Each structure stands twice: as C-alpha cells, then as structure tokens.
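**Q** With these hints in hand, go ahead and build the complete structure from the sequences.
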Amino acid sequence: MMRKKQIRKYMLGLMLNFLVLILVSCTSSGVSHPPENATHQESPIRPQRDEVAEQHRIGTPTAYYYYQLGTLSAASGNLEQAISYYQRALQIDENSLFLKFELTKLLLSEELDEEAESYIHKVLQQEPENVEALMLLAHIYTNRQKYEEAIALYAKILEIDPENADTYLLLATLYNRQKNAPKVIETLQQLLTIHPDSISGLYHLGRIYLEMKEYDRAAEMFERALQLNPEDVHISSALAIVYEFQQKYEQAVALYKKLSVLDPGNPNIVEQLMRLHVYLDQSEQALEYAQQLQDIDPQNDKILLQIGILQYNLEDYEAAETTFQRYLEQYPENLDALSYLALSLEKTERYEEALTYWQKVIALDPNSFEAHSRIGLIYDQLEQHDRALQVFQENRDLFPEETQTYLFLGIAYNRKQEYQSALQVFEEGLQHKPDHVALNFYKGVALERLGEFEKALAAFEYVVQLQADHASAYNYIGYMLAERGLRLDEAYQAVQKALELEPENGAYIDSLGWVYYQKGMIDDAIRELERAAKLLDSDPIIHEHLGDAYSKKGMIEKAIEHYQKSLEREFSEGVQKKLLELQAKMKSAKNHVTPETPKESEEMP
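Residue numbers (mature numbering (1 follows the signal peptide of the UniProt record, and there is no 0)): -29 to -1, 1 to 576.
None of these hints come from the bench; they were simulated from the model.
Since this is a predicted model, take the numbers as computed values, not measurements.
Worth double-checking, as some hints may not be accurate.
For lysine-lysine, the following BS3-like pairs were computed, each having C-alpha atoms within a straight-line distance of at most 25 Å [stated by the list, open to error]:
no., residue 1, residue 2
1, LYS468, LYS529
2, LYS548, LYS529
3, LYS505, LYS529
4, LYS150, LYS184
5, LYS536, LYS505
6, LYS548, LYS536
7, LYS523, LYS505
8, LYS558, LYS524
9, LYS127, LYS150
10, LYS127, LYS117
11, LYS536, LYS549
12, LYS524, LYS548
13, LYS490, LYS468
14, LYS219, LYS229
15, LYS490, LYS529
16, LYS127, LYS76
17, LYS549, LYS529
18, LYS524, LYS549
**A** Below, the structure is given as structure tokens:
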C-alpha cells in the first residue's frame, strides 16, 4: 500500500508536468493557437487585404529603389542597413502608408518599439481607423505591458470590424494575462457567437475551462474543436488531459494512441500512455510503453526504475531483481529501487538478502516506517518471533502516530498467544484511529481468544459496519454463534454473506457445515464439510468437524478416519479423547456381536 501511494504520487507528477508542457508549448508567444485547417493558420496580425496593399503602393521610383535595397539587406540579415534604406525611402515618399508599415515591422523585429510606435502614430494620423495600424500599436502596447491601452485599441478594432476573429483572440489573451477569467470567457464566447466554427476560439475557451477545473465544459470545447480538425495534436493532447482529470482513462488512452500515430516517437506521449495503463492496473501494457521509452532514449537509465516496478507488479520477480540491480549500479542510494529490490527478494523467499537491503534503506532514511516494518515481518517469516516482537515494540516507540505500528505489534502478541497484551495494543492504536478496520477486526480476534464472547461479537459487527464486504468478520460472527449453538439462523446468514464474497474459501465453507451440524442437518453438514476438506485438507479443525458429523451420523469408521487425520495435522487432547472413545466403542461393539446361525447346507450331517 505504501509503495503504491508513492508511485501514484510520482505518476501524478508526470501528468502535471505533461499538462504544463502542452499548455506552455501552445502559448509561449502569448497568442499562438492551433490551425483552423490543415493549410491555414490564424495570424496574430491580420493579413493585409489586396485593396489596402494597392492603396499603400510606393509613390516614386526612387523611393521604390531604396525600398528594394532595404528588402535585399533584410534578406541578407543586415537589418540595421535595411532600416536605414527604408527610412531613406520614406523621406522621399513620406505619405506612403505601405513604407511606414514595413518600417514599423522591421523596427519591431529589432525590438525598437518606441521608434516603431512613432511611425504607427503617423499612419493613424493619416487613417485613424486603419485596422492593421491599430493591431500593430496594440501589439506594441502588449509588449510594453500597457495592457489597458492595448485592450482599448482592440475594442476600437472590433467597433470597426466586429467579425475580426484574431482581435477577439488577442483580446482574450490580454484578459488572461490579467487573470481576468470572466472577461476571457465573455470575449471568446462573443467570438464563437460570430464564428461558431473557430477552432482557435474553441481551443482557447477549452483551455480556460481546464485551468478553472471545469472539466465538462473544457471537454465540450475541445471535442467540438477536434471535430473540426481531427488531426490537431494540441487539441488532442488537451482533450486527453481533460479526460484524465475526469477519470475517463480509456478515452484518454484512445486519444494518446491517436497522438502516437500523428506524432510518432514523441516520448511525452509514450510516457503518458505508460502512466495511464499504470492507473488502469494494466501493468503488461504499461511495461510495453516503458520499454518503448527505453528504445527511444537508451541513455535514459531512469526509466529502468519504472520497468522494474512494472515487472514486480507482473510478479516477474527475477526480472525485476535484475532491473533494480542495474538501476542501483547508477543510483546506489535510490530508496525506491532499494525498497522494491528488497520486496522482490521477499517474494522469492530470500529473506536474509531482503533484510540486507531494508537495512540499507534505514541507513539512508532512518525514519522509513516501511523498512522498519518489513524487517519485523521478515523475522516472522523466518519464525524468529521473539525478534519480530522486539522490532515491533521498538517501532511503537519510533512511530507512535502510525496505526500499522499497533496492528503489527498486536498481531505479533496474538501469534505468541499473549492475547491480553494484544488487546491492549489494539485498543491503544484505536485511540489514534477509532474507525481503523484491521485494528477493530484483530481486537475482535483477541477478545474471542480471551473468551469475551459478547465483546468479540460486538467488535466484528462494528467491522462489517465500517466495511460491508469484510468476509472474515462475517465468518467470525457466524462461526462464533454456531459454536455456541446460538441464533443459528443469524449465524447462517452471516456465513452466507462471507461466502457471497469468497465462494471458494474453505474456512467459510467449514463454518457453513458447522452451522448445519448445530441445526441437526447432518447430511448437509457432511456435504459442506467434505467440500471444505478438499479445499483445505491441511486444516485439523475441518477434519475434527467431519469426525463429529460422521459420528453423529453413526458412521464410526469415517469418524475415526477424520479424527486421525486431524491429529496427524495437529495434536489436540480433545480430538484424541474423541478418537479413543470411538475406538473403544467400536471394539466393544465387535465383542458383543452374536455369531450367525450356520445355513442348513453348512450343517454337519
């Protein structure tokens, strides 16, 4: 559980990083947006119309000559000389709006905003409603962070040209910089009222809704945009992210797979697919994408950690061990790799080696509750129960706020049959977390062992209130009632609930058989107990119950057979007594059998 939470947190980090990457890459200039179709992209500055270009022609051949020299200089990269030629041309033809526009754009490319602004003002003196000039001036104001002035200019442009889609987008961008989400939404909705098929409008409105965590609205905008341009990578990426936030992981996977075709070999997309399959507990598919990532970038040894974790999840512990060892060669102090390697060794029952790695974890992180706990559990596996108990006692002092500290310590006391100590520990843990399911359950176990029937029953009943699918608690309720011959109908219902949850659990089937036995339904009891014995042949209690049932049925030899099997699996004075009594009864019966009278054909003549 602790491991899974850490990896989920890591995976969430990957998703957020990808979200930032998608949004930033789409808006690094502040105004860029996806294409309206495959061949046309909206421009931040509205393209010059043919009739305007005709109007802005250069008036004299000499001015045109210097303009051409400037154009050649700009093409060769000598922008300073190009500016000089354009200025000379404008001195000759000072009324040419075209030259003023071209010079302004060149000055802006050199970040000479103030000088560029002066030429735009000259244009606006000639034509106060020249949309291109107003757009350039608004752009200059935006660069200089004079947002209110820029907003006023965009508003003026929309009065002149209410259908200018780019102006709505640029205005929305400014409102977004001011973090004025309501105005952004209002502006983009105005755009979509005029141009309902504006891909850029839909996309940017979707982004705003995404940032506001209004995922349903964001999905609607991106889906509409994607219908208009199904091949757009930015829109598909954004919609996939929304699906993730909506926990529509299958739909997100489908989109990322489509993106992997549109943009093959993109490591970010492959990483997202890997992560989503991890969320879906589809470790096999996740491993395929992790290996693809490694193929894309063989030098990225960090992906080895994720590959190892996925191999561990797929229970390929030997492969996981090899992968973690390789990773630790490069990062010998990585706590996740050390921890997973230790867990892999535990799974292959190499407990001593696992101990070594958990001790390395503690050396690097003395406050690792997981490492301290695993060491105690390993000592239990090695049947060094006293050492395990000592570790868990120390852990209670080290981690008094961790509820599992009390759980592990209490179970260790239960194992040593020190039930009173176990009960005290469980109750101490419940002071920290009264609704902890496992602590309440094992408290019930300790109470049952101490003979506190009513308190134990109350504990198990509380467990099923906390967790309605706790099969073991239902079984305990049913078996405890049946064992005492109390409320047998209630016992039957409790055991049936346990079996609904785990139909093939041999212990629960044994409980059902015992309920039947106590109700006097011996044939039903034998049927269920035989079924339980097939599933749990090593359990001495089941064979004892079968012995009791067959004894009740009068099938003495079968009863003796199962009492003997019970004793072979675990000695019990009570079972031995039952066996001796039946054997004596059988012997006595044989001694009192009357010999049969010989048949006439067998009599002596």
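**Q** Taking the numbered hints from earlier one at a time, note which ones the structure violates and give those numbers from smallest to largest.
**A** 1
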